[in-house]
Structure formats: structure tokens, C-alpha cells
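Enquirer: Spelled out, the chains give:
Protein chains: 2
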Amino acid sequence: MKKKSKAMDKNYFQDHMPGNVCFGCGDKNSHGLQIKSFWDKDEAVCHWTPKERYHGWKNVLNGGIMATLIDCHCMGTAMAYACKIEGRPIGSYPEYRYATGTLNVRYLKPSSSKHLVELRARVIEVKKRKTTLYCEVFSQGEKTAESVVVAIRVFDERRNKKGDNQFK
Amino acid sequence: MKKKSKAMDKNYFQDHMPGNVCFGCGDKNSHGLQIKSFWDKDEAVCHWTPKERYHGWKNVLNGGIMATLIDCHCMGTAMAYACKIEGRPIGSYPEYRYATGTLNVRYLKPSSSKHLVELRARVIEVKKRKTTLYCEVFSQGEKTAESVVVAIRVFDERRNKKGDNQFK
Chain E
1 MKKKSKAMDK NYFQDHMPGN VCFGCGDKNS HGLQIKSFWD KDEAVCHWTP KERYHGWKNV
61 LNGGIMATLI DCHCMGTAMA YACKIEGRPI GSYPEYRYAT GTLNVRYLKP SSSKHLVELR
121 ARVIEVKKRK TTLYCEVFSQ GEKTAESVVV AIRVFDERRN KKGDNQFK
Chain H
169 MKKKSKAMDK NYFQDHMPGN VCFGCGDKNS HGLQIKSFWD KDEAVCHWTP KERYHGWKNV
229 LNGGIMATLI DCHCMGTAMA YACKIEGRPI GSYPEYRYAT GTLNVRYLKP SSSKHLVELR
289 ARVIEVKKRK TTLYCEVFSQ GEKTAESVVV AIRVFDERRN KKGDNQFK
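First to last, the sequence lines map onto chains E and H. Just so we're aligned, residue 1 is where the first sequence starts under our numbering, counting upward by one. Just so we're aligned, residue 169 is where the second sequence starts under our numbering, counting upward by one.
Honestly, the hints are just simulated from the structure, not real lab data. Do not take every clue at face value.
[Stated by the list, open to error] If you want the footprint, here are the derived chain H segments under chain E, 3+ residues with CB under 8 Å:
#1 187 to 194
#2 197 to 209
#3 285 to 293
#4 297 to 311
[What the hints assert, rightly or not] Restricting the straight-line Cα-Cα distance to at most 20 Å, the calculated cross-link-like pairs of lysine-lysine (PhoX-like) are:
#5 H/K252 <-> H/K178
#6 E/K114 <-> H/K204
#7 E/K51 <-> E/K84
#8 E/K114 <-> E/K84
#9 E/K109 <-> H/K252
#10 E/K36 <-> E/K128
#11 H/K219 <-> H/K282
#12 E/K28 <-> H/K219
#13 H/K219 <-> H/K252
#14 E/K143 <-> E/K109
#15 H/K226 <-> H/K196
#16 E/K51 <-> H/K219
#17 E/K36 <-> E/K10
#18 H/K178 <-> H/K226
#19 H/K204 <-> H/K226
#20 E/K84 <-> E/K41
#21 H/K252 <-> H/K298
#22 H/K226 <-> E/K28
#23 H/K282 <-> E/K28
#24 H/K219 <-> E/K130
#25 E/K128 <-> E/K84
#26 E/K51 <-> H/K209
#27 E/K58 <-> E/K10
#28 E/K51 <-> E/K28
#29 E/K10 <-> E/K41
#30 H/K204 <-> H/K252
#31 E/K58 <-> H/K282
[To be verified] Over 10 Å on every C-beta distance to chain E, these chain H residues come out as not near it, computed from the model:
#32 N179
#33 Y180
#34 V213
#35 H215
#36 R221
#37 A235
#38 L237
#39 C240
#40 E254
Note that the coordinates shown come from a computational prediction; the quantities given were computed from them, not determined experimentally. In this text, a Cβ means the ideal position worked out from N, Cα and C, and glycines have one as well.
Whole structure, please, built from the sequences with the hints as guidance.
Expert: Now the structure itself:
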């Protein structure tokens with residue numbers, strides 16, 4: 001039983017976003033960052049390895065790309081968390097999609113553009129359609145950025161049409 | 169005389185960043201966004217046209233890419249503003265480089281991924297090495313995001329070695 005539950009926890013959130021073309025997290029975007037997020041107890045984790053093109057300065061990961069990773073990781077986490085508190089598997093009915101309300105990033109030190117970065121996010125508040133998350137970025141064992149992100153549920157399959165991609 | 173000064177104002181900030189490999193603003197990064205910023209009176213303007221790969225959702229510009237545009241546009245503006253208040257041309261000695269301290273973005277509505285976006289930034293405070301900027305994003309005539317960004321001067325040619333790319 002324990003084993004099964006652990007395997008479920010490693011389900012990637014992004015594998016349950018049908019037709020996702022997003023530059024940060026869409027598996028339908030071959031030019032994108034294609035991040036993958038999964039639960040590690042109460043924290044959502046993302047491991048991602050930069051390509052050279054995502055430099056800010058030489059050997060330093062671009063801050064905007066870090067913001068993109070944080071943003072997409074947190075939107076995925078908001079969706080997965082909603083399923084968790086509703087006691088249902090990620091990807092089950094109804095589908096929810098989140099868009100970013102605010103994205104506040106504090107850069108602490110450079111992240112290497114040559115090594116894997118780890119993001120760890122957790123939900124700090126849910127209020128109606130609004131989920132607030134705290135996300136940390138680590139590079140080579142050091143914390144290099146932290147962020148507070150507000151995700152807004154802008155799509156709910158029970159209320160919106162399937163193809164409705166607009167914010168509200 | 170007027171004509172000459174107007175021409176100088178349209179100098180792109182990024183044309184004075186030698187060897188810049190940055191994903192957002194480096195002209196030495198052929199895979200990057202290659203933004204260009206220029207003065208329009210007291211506001212720094214950037215016009216940028218998305219490629220399809222930078223989708224968030226279909227036809228909507230990715231929020232992380234918007235953060236990248238804001239970030240790089242503001243770092244360039246902090247550098248150009250420092251030259252302006254020192255009464256010297258962009259690109260003259262000493263070279264300054266800025267890195268992001270904090271990046272706070274509020275998303276107001278979707279930006280089209282099919283149309284040019286305009287960024288307008290202005291400096292709201294300079295305190296020692298720290299420059300605070302306010303930046304707005306417009307898409308199809310509507311304001312779609314606003315941001316407050318803190319830029320830190322991390323490189324000063326008078327103090328650092330030319331090749332020194334590290335923050336601090």
C-alpha cells in the first residue's frame with residue numbers, strides 16, 4: 001500500500017494538462033522548457049537542467065528563465081494541490097487551470113547555468129479561486145532565489161467550455 | 169541640434185553591452201529574445217514581437233517570458249539612466265552592469281502572443297547601487313501587466329576586472 005501511494009506521489013503534474021503548449025511547462029511545445037513537477041510530501045519539486053542558450057551572464061542562469069520556472073511550477077502546484085484537498089487524483093474531473101496573478105521573486109545569488117536547478121514550492125494559503133505559494137530555487141546545494149506567487153483559478157471544467165483558454 | 173539629440177535618444181541600450189550572451193537581451197545569443205530598449209523622453213521603451221513558441225496558452229504570451237522582457241528591459245534602463253544622470257553617453261567609461269534584486273510582476277489581463285508588446289519603464293528611485301524601476305506592459309493598446317523591479321549595480325569598470333561576471 002505504501003509503495004503504491006509513493007508511486008502516485010511521483011506522478012508529474014504536467015502529464016495531466018492535455019494539449020498544453022506553454023513555453024514553460026507544455027509537453028506539446030518542443031521549443032519549451034518542459035518542466036516536470038511532483039510531490040515530495042507537502043512540497044512540490046521540480047528538477048530542471050538548463051541549456052546554454054538560457055544564460056543571463058556567462059555560466060549564470062537567466063533571471064527571467066528562473067521566473068518562468070517558478071511561475072509554471074507554481075501554477076502546476078496550485079492545480080495539483082486543489083486535487084489533493086478535494087481528495088481526487090490529478091487529472092480527474094473537473095479540470096482546473098491556473099493563471100498567474102502576481103509573481104514576486106527575490107534573487108539571492110547567481111544560479112549556475114551548467115547545473116541542475118531544484119525548485120521546491122508549497123501552498124501557504126487558499127482563498128476561493130486564489131492560491132498563494134512560496135517557492136525556493138536551489139543551485140548546487142545553495143538557495144539562490146525565493147518567490148511568492150499568487151495563482152488564480154481561471155478555468156473550471158464544470159463552468160467553462162473545454163476550449164476556453166481566456167483569463168477571467 | 170534638435171535632430172541630433174533625438175537620434176541619440178534612439179540609441180539602443182543593448183548596443184552598448186559588449187559580449188552580452190543573455191537570453192533576454194544579448195545580441196550575442198542567437199536563440200534569445202534580443203530585446204532593444206531606447207529612451208522616449210523619461211521613459212525607456214521596448215517593442216518586441218513574440219514567436220509562437222513563447223505561448224503560455226494558445227494565442228496568449230507566456231507570463232515567464234513577459235517577466236524576462238521586463239527584467240532585461242529594466243536592467244538596461246538602470247544602466248542607461250546611470251549614464252544619463254552622470255551626463256555621459258551610454259557605452260562610455262566606466263561600464264556598469266546591473267543584476268536583478270527583486271522582480272515583482274502583477275498580471276492584469278492576457279497579452280496576445282501574435283502581436284507586438286510594448287514595455288515602458290521609468291526609474292522611481294536611485295539609492296547608492298540600487299535602482300528601483302516601474303515598468304508597464306501593453307498589448308494591443310491595453311495595459312496587461314505592471315511591475316516594480318530593483319536593479320543592483322554589480323559591476324563597475326572602475327572597481328571590477330573587465331571579465332568579472334559574478335554578482336557582488
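Enquirer: Does each hint fit the structure? Answer for all of them.
Expert: Consistency of the hints with the structure:
Interface restraint, the region 187 to 194 of chain H with chain E: holds (5 residues with C-beta to C-beta distance below 8 Å; minimum three). Coverage of the region 197 to 209 of chain H by chain E holds [criterion: at least 3 residues with CB-CB distance below 8 Å; count 3]. Here the region 285 to 293 of chain H counts 0 residues with a CB under 8 Å from a CB of chain E, which misses the bar of 3, and the coverage is violated. For the region 297 to 311 of chain H, the stated coverage by chain E is not satisfied: 0 residues place a CB nearer than 8 Å to a CB of that chain, which falls below the threshold of 3.
With a C-alpha separation of about 13 Å, the suggested pairing of H/K252 with H/K178 holds against the 20 Å cut-off. About 27 Å separates the Cα atoms of E/K114 and H/K204, which puts this hinted pair outside 20 Å; it is violated. With a CA separation close to 33 Å, the supplied pair E/K51 and E/K84 exceeds the 20 Å bound. Between E/K114 and E/K84 the alpha-carbon distance is near 34 Å, which puts this suggested pair outside the 20 Å criterion.
With a C-alpha separation of about 28 Å, the suggested pairing of E/K109 with H/K252 is violated against the 20 Å cut-off. Only pairs whose Cα atoms come within 20 Å are accepted, and E/K36 paired with E/K128 is rejected, the gap being roughly 26 Å. Distance restraint check for H/K219 and H/K282: the Cα-Cα separation of roughly 8 Å lies within the 20 Å cut-off, and the hinted pair is therefore satisfied. A C-alpha spacing of about 15 Å is found between E/K28 and H/K219, which places the hinted pair at or below 20 Å, so the restraint holds.
The straight-line distance between the Cα atoms of H/K219 and H/K252 is roughly 33 Å, outside the 20 Å bound, and the hint therefore fails. At roughly 8 Å between alpha-carbon atoms, E/K143 and E/K109 fall within 20 Å of each other, so this suggested pair holds. Among the hinted pairs, H/K226 with H/K196 is inconsistent with the structure: their alpha-carbon atoms are about 29 Å apart, more than 20 Å. Distance check on the hinted pair: E/K51 and H/K219 sit about 19 Å apart at the alpha-carbon level, within 20 Å; holds.
For the given pair, E/K36 sits about 10 Å from E/K10 by alpha-carbon distance, which is consistent with the 20 Å threshold. Of the pairs offered as hints, the one joining H/K178 and H/K226 is violated, with about 34 Å between alpha carbons and a cut-off of 20 Å exceeded. Pair hint H/K204 plus H/K226 does not hold up; C-alpha atoms about 26 Å apart against a cutoff of 20 Å. Pair hint E/K84 plus E/K41 holds up; C-alpha atoms about 11 Å apart against a cutoff of 20 Å.
Pair hint H/K252 plus H/K298 holds up; C-alpha atoms about 16 Å apart against a cutoff of 20 Å. Annotation: proposed proximity of H/K226 to E/K28 holds, straight-line Cα distance about 11 Å (limit 20 Å). Restraint check for H/K282 and E/K28: satisfied, since their Cα atoms lie roughly 18 Å apart, inside the 20 Å limit. The straight-line distance between the Cα atoms of H/K219 and E/K130 is roughly 30 Å, outside the 20 Å bound, and the hint therefore fails.
Distance check on the hinted pair: E/K128 and E/K84 sit about 15 Å apart at the alpha-carbon level, within 20 Å; holds. Of the pairs offered as hints, the one joining E/K51 and H/K209 is violated, with about 38 Å between alpha carbons and a cut-off of 20 Å exceeded. Restraint check: the Cα-Cα separation between E/K58 and E/K10 comes to about 34 Å, which exceeds 20 Å; the hinted pair is violated. A C-alpha spacing of about 19 Å is found between E/K51 and E/K28, which places the hinted pair at or below 20 Å, so the restraint holds.
Proposed proximity of E/K10 and E/K41 is supported: the alpha carbons are some 10 Å apart, at most 20 Å. A threshold of 20 Å between alpha carbons decides the hint, and for H/K204 with H/K252 the separation of about 18 Å falls inside it, so the pair holds. With a CA separation close to 31 Å, the supplied pair E/K58 and H/K282 exceeds the 20 Å bound. Every C-beta of chain E lies more than 10 Å from that of H/N179, the closest at about 22 Å, which supports listing it as non-interface.
The claim that H/Y180 lies off the interface holds: its Cβ sits roughly 19 Å from the closest Cβ of chain E, which is beyond the 10 Å cut-off. With a cut of 10 Å on Cβ distances, H/V213 stays outside the contact zone with chain E, its closest approach being about 18 Å. Remark: the non-interface label on H/H215 is consistent with the geometry, its nearest Cβ contact in chain E lying 17 Å away (cut-off 10 Å). A beta-carbon of chain E comes within 10 Å of the beta-carbon of H/R221; the shortest separation is about 4 Å.
At roughly 4 Å, the least C-beta separation between H/A235 and chain E is not larger than 10 Å, which violates its mark as non-interface. Interface exclusion of H/L237 from chain E breaks down, the closest Cβ pair being 7 Å apart, not more than 10 Å. Distance check on H/C240: its Cβ comes as close as 7 Å (rounded) to a Cβ of chain E, failing to clear the 10 Å threshold; non-interface status is violated. Chain E leaves H/E254 outside its interface by the beta-carbon criterion, the shortest separation being 23 Å against a cut-off of 10 Å.
Hint compliance for this structure: hints 3, 4, 6, 7, 8, 9, 10, 13, 15, 18, 19, 24, 26, 27, 31, 36, 37, 38, 39 are not met, and every other hint is.
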